[in-house]
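Trainee: In order, the protein sequence lines correspond to chains S and W.
When you read off a place in the first sequence, starting at 1, and then add 7, the result is the number in my numbering.
When you read off a place in the second sequence, starting at 1, and then add 4, the result is the number in my numbering.
One thing to keep in mind: the hints can contain errors.
30 angstroms max Cα-Cα, derived BS3-like pairs, lysine-lysine [to be verified]:
#1 W:K36 <-> W:K137
#2 W:K278 <-> W:K255
#3 W:K137 <-> W:K186
#4 W:K322 <-> W:K95
#5 W:K186 <-> W:K95
#6 S:K150 <-> W:K287
#7 S:K251 <-> S:K119
#8 S:K26 <-> W:K137
#9 W:K278 <-> W:K186
#10 S:K119 <-> W:K36
#11 W:K278 <-> W:K321
#12 S:K251 <-> W:K278
#13 W:K321 <-> W:K255
#14 W:K287 <-> W:K186
#15 W:K95 <-> W:K255
#16 S:K251 <-> W:K37
#17 W:K287 <-> W:K95
#18 S:K251 <-> W:K186
#19 W:K37 <-> S:K119
Hint data in this document are derived by calculation from the structure and do not stem from the laboratory.
Nothing here was measured: the structure is a model prediction, and the numbers come from that model.
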Amino acid sequence: MMEKIKKKKRVGKLSLARKIFIACNTAFLLLCSFAFLAPYINILAKSFNSARDTMLGGVTFFPRVFTLDNYDIVLKDPNIGHSALISVLRVVSGSLFSLFLQYSVAYVLLRKGLPFRGVIVMFVTIPMFISGGLISEYIIYAKLNLYNSFFIYILPMSFSFYNMVIIRTYLQGIPESLMESARLDGAGEFTILWRIMLPLSMPIVATILLWCAVAHWNDWARTLYFVDNPDLYTLQYRLMLAQKEAESLQEMIQNAMETGRPLGTIDSDISGESVQAAQTIITTIPIVLTYPFFQRYFVSGVTMGSVKE
Amino acid sequence: MSELVNVKMESERKDNAQSPKSKKLSGKNSFKKNIPFYLILVPAVITVFMMQYLPMFGLVIAFKDYNVRGGIFGSPWAEMNGFANFVHIFKTPAFLDAVWNTLWLNVLSLLFSFPAPIILALLINEVGHTGFKRTVQTISYLPHFLSIAAVTTMVNQLLGNYGLLNAVLQAVGIEPTFLLEKESAFVPTYVITEIWQTVGWGTIVYLATITGINSDLYEAAEIDGANRFQQVLNITFPSILPTTMILLIMKMGTLFGSSFEMVYGLQNPVAWTKDVIATAIYKYGIGQGEYEVSTALGLMQGVIAFSLTFIANTISKKVSNVSMW
Numbered sequence: 008m009m010e011k012i013k014k015k016k017r018v019g020k021l022s023l024a025r026k027i028f029i030a031c032n033t034a035f036l037l038l039c040s041f042a043f044l045a046p047y048i049n050i051l052a053k054s055f056n057s058a059r060d061t062m063l064g065g066v067t068f069f070p071r072v073f074t075l076d077n078y079d080i081v082l083k084d085p086n087i088g089h090s091a092l093i094s095v096l097r098v099v100s101g102s103l104f105s106l107f108l109q110y111s112v113a114y115v116l117l118r119k120g121l122p123f124r125g126v127i128v129m130f131v132t133i134p135m136f137i138s139g140g141l142i143s144e145y146i147i148y149a150k151l152n153l154y155n156s157f158f159i160y161i162l163p164m165s166f167s168f169y170n171m172v173i174i175r176t177y178l179q180g181i182p183e184s185l186m187e188s189a190r191l192d193g194a195g196e197f198t199i200l201w202r203i204m205l206p207l208s209m210p211i212v213a214t215i216l217l218w219c220a221v222a223h224w225n226d227w228a229r230t231l232y233f234v235d236n237p238d239l240y241t242l243q244y245r246l247m248l249a250q251k252e253a254e255s256l257q258e259m260i261q262n263a264m265e266t267g268r269p270l271g272t273i274d275s276d277i278s279g280e281s282v283q284a285a286q287t288i289i290t291t292i293p294i295v296l297t298y299p300f301f302q303r304y305f306v307s308g309v310t311m312g313s314v315k316e
Numbered sequence: 005m006s007e008l009v010n011v012k013m014e015s016e017r018k019d020n021a022q023s024p025k026s027k028k029l030s031g032k033n034s035f036k037k038n039i040p041f042y043l044i045l046v047p048a049v050i051t052v053f054m055m056q057y058l059p060m061f062g063l064v065i066a067f068k069d070y071n072v073r074g075g076i077f078g079s080p081w082a083e084m085n086g087f088a089n090f091v092h093i094f095k096t097p098a099f100l101d102a103v104w105n106t107l108w109l110n111v112l113s114l115l116f117s118f119p120a121p122i123i124l125a126l127l128i129n130e131v132g133h134t135g136f137k138r139t140v141q142t143i144s145y146l147p148h149f150l151s152i153a154a155v156t157t158m159v160n161q162l163l164g165n166y167g168l169l170n171a172v173l174q175a176v177g178i179e180p181t182f183l184l185e186k187e188s189a190f191v192p193t194y195v196i197t198e199i200w201q202t203v204g205w206g207t208i209v210y211l212a213t214i215t216g217i218n219s220d221l222y223e224a225a226e227i228d229g230a231n232r233f234q235q236v237l238n239i240t241f242p243s244i245l246p247t248t249m250i251l252l253i254m255k256m257g258t259l260f261g262s263s264f265e266m267v268y269g270l271q272n273p274v275a276w277t278k279d280v281i282a283t284a285i286y287k288y289g290i291g292q293g294e295y296e297v298s299t300a301l302g303l304m305q306g307v308i309a310f311s312l313t314f315i316a317n318t319i320s321k322k323v324s325n326v327s328m329w
């Protein structure tokens, strides 16, 4: 509060140069904000625009020929519905499992003087510096029967050292006497964990769950690497797939034009730009609508570790 | 990554400081008493071992002449004492191109994407109106929360034949251009997309540091007659320098790293066919089954990235006393 008042005071007496600077700065930041939003608004406009009209080009920030057909097409596609289900299942189970692993390690490391504590710390630190890389993961995960299995979404990368440290730092703030007195009352370790520590650390639990959830929702590369069963495709992967299909169609048209072959039926298919836009909106809207409310949990994660005093 | 090491070390230190007291407590802790803790740990240990340690052993493929029947350990060693795969990388133009492209994109990213958040943070900091400031910040975070699949779809549509870019160009009376079909447009598009996606989120660290600056400093400077620009130059800048150095060290480590998602997403078969190391590993490794060479390439990338971070950290420690570990 004090700082704010002081700042206001400083702004109080404005020189002309300062005024000009503030005007330019405001204009520039408005322009930046517009640039951050523009591509998304453009896609939004296209998604509500008739596919045929979009092909004429020139759709900017408002639909020219309003229609809901694009959404109708996307939402009626049974593949999209199924992928949405897979995405949701992945987000829920993946986040919960990640939290479970990270929380359990954080809790155990809280115990000072635990025999082999150093070994445990070492064990979870090493993977941060060395990783097997894509190909050996590919071979090993296939050996573990994770290829084309739903578990490929949950198990690898479920443990994050960084998140574990953040949870542990939070848990360290909980008075140890609470645990000690519970122990004296005869509570077992599991009871303490479940009945005392977990309820007291709900803020950090929510934060970590949120981080994991967004990461799971947005990931598509793992599907590309390890899954080729369409039943397991996530929404994001379908989006990438649609883009790649549109690109190869473009290539076919290009080739046809270069070799002078008649286009035939190809060109009637590429009307998909508006449909693709609708698919993009459907895939991203859960995040776009909610991130202004949950962003602070992410912001705190960035500043938690990195601002040094 | 650096911060977490720091957080960890600090907390370790704290533990050590308290150890005389806790030693007394733990004296009563027999191994048996601790069994519940080990039980709690079991799922995590198993998962980390299977998912992260087993692939580490798989790295040995880089030195092998891999065949499916022999598997990872049964396959014979590669020629030249196992280094044939690494030699092969340097003899294959496709891999060398990927290495070169990776370096080039990262140098550009260092030049443009790295300073961008600093500038934006300084400008946002100059905003007096809290509501406007918050709104700008929130809007600037949007690209960070979008998946790369959505981002590259938007890039394709923006630059495409019916896209916004050509709409704007036509409105100003310039001939439409088809950037997606121009090979030379790939690198600028990559850099601009990267800035667009990371600049807003990147301001957080800097703004947090700036907020932490003692406002007495500014007041003292003002009394001494320093104008606003001088204040930024002499107070704000030195204050964010340590943070900048740490982020720069981390950036050095990624100089040889490559973003698979962004490059794969932007690639198109018409003109944007450039590969970076990560996409080459995917393409030749998973796509064409050249496991050994791809693993070798990945291993090389990892080792160089780690060395770069290490070197940058050592230099920074000597020069400015800022270090990651």
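Trainee: Against each hint, give a clear statement of whether it holds in the structure.
Mentor: Here is how each hint holds up against the structure:
| no. | hint | in the structure |
| --- | --- | --- |
| 1 | W:K36 <-> W:K137 | 56 angstroms, violated |
| 2 | W:K278 <-> W:K255 | 22 angstroms, holds |
| 3 | W:K137 <-> W:K186 | 39 angstroms, violated |
| 4 | W:K322 <-> W:K95 | 38 angstroms, violated |
| 5 | W:K186 <-> W:K95 | 28 angstroms, holds |
| 6 | S:K150 <-> W:K287 | 21 angstroms, holds |
| 7 | S:K251 <-> S:K119 | 53 angstroms, violated |
| 8 | S:K26 <-> W:K137 | 17 angstroms, holds |
| 9 | W:K278 <-> W:K186 | 12 angstroms, holds |
| 10 | S:K119 <-> W:K36 | 15 angstroms, holds |
| 11 | W:K278 <-> W:K321 | 37 angstroms, violated |
| 12 | S:K251 <-> W:K278 | 15 angstroms, holds |
| 13 | W:K321 <-> W:K255 | 16 angstroms, holds |
| 14 | W:K287 <-> W:K186 | 22 angstroms, holds |
| 15 | W:K95 <-> W:K255 | 29 angstroms, holds |
| 16 | S:K251 <-> W:K37 | 57 angstroms, violated |
| 17 | W:K287 <-> W:K95 | 18 angstroms, holds |
| 18 | S:K251 <-> W:K186 | 17 angstroms, holds |
| 19 | W:K37 <-> S:K119 | 13 angstroms, holds |
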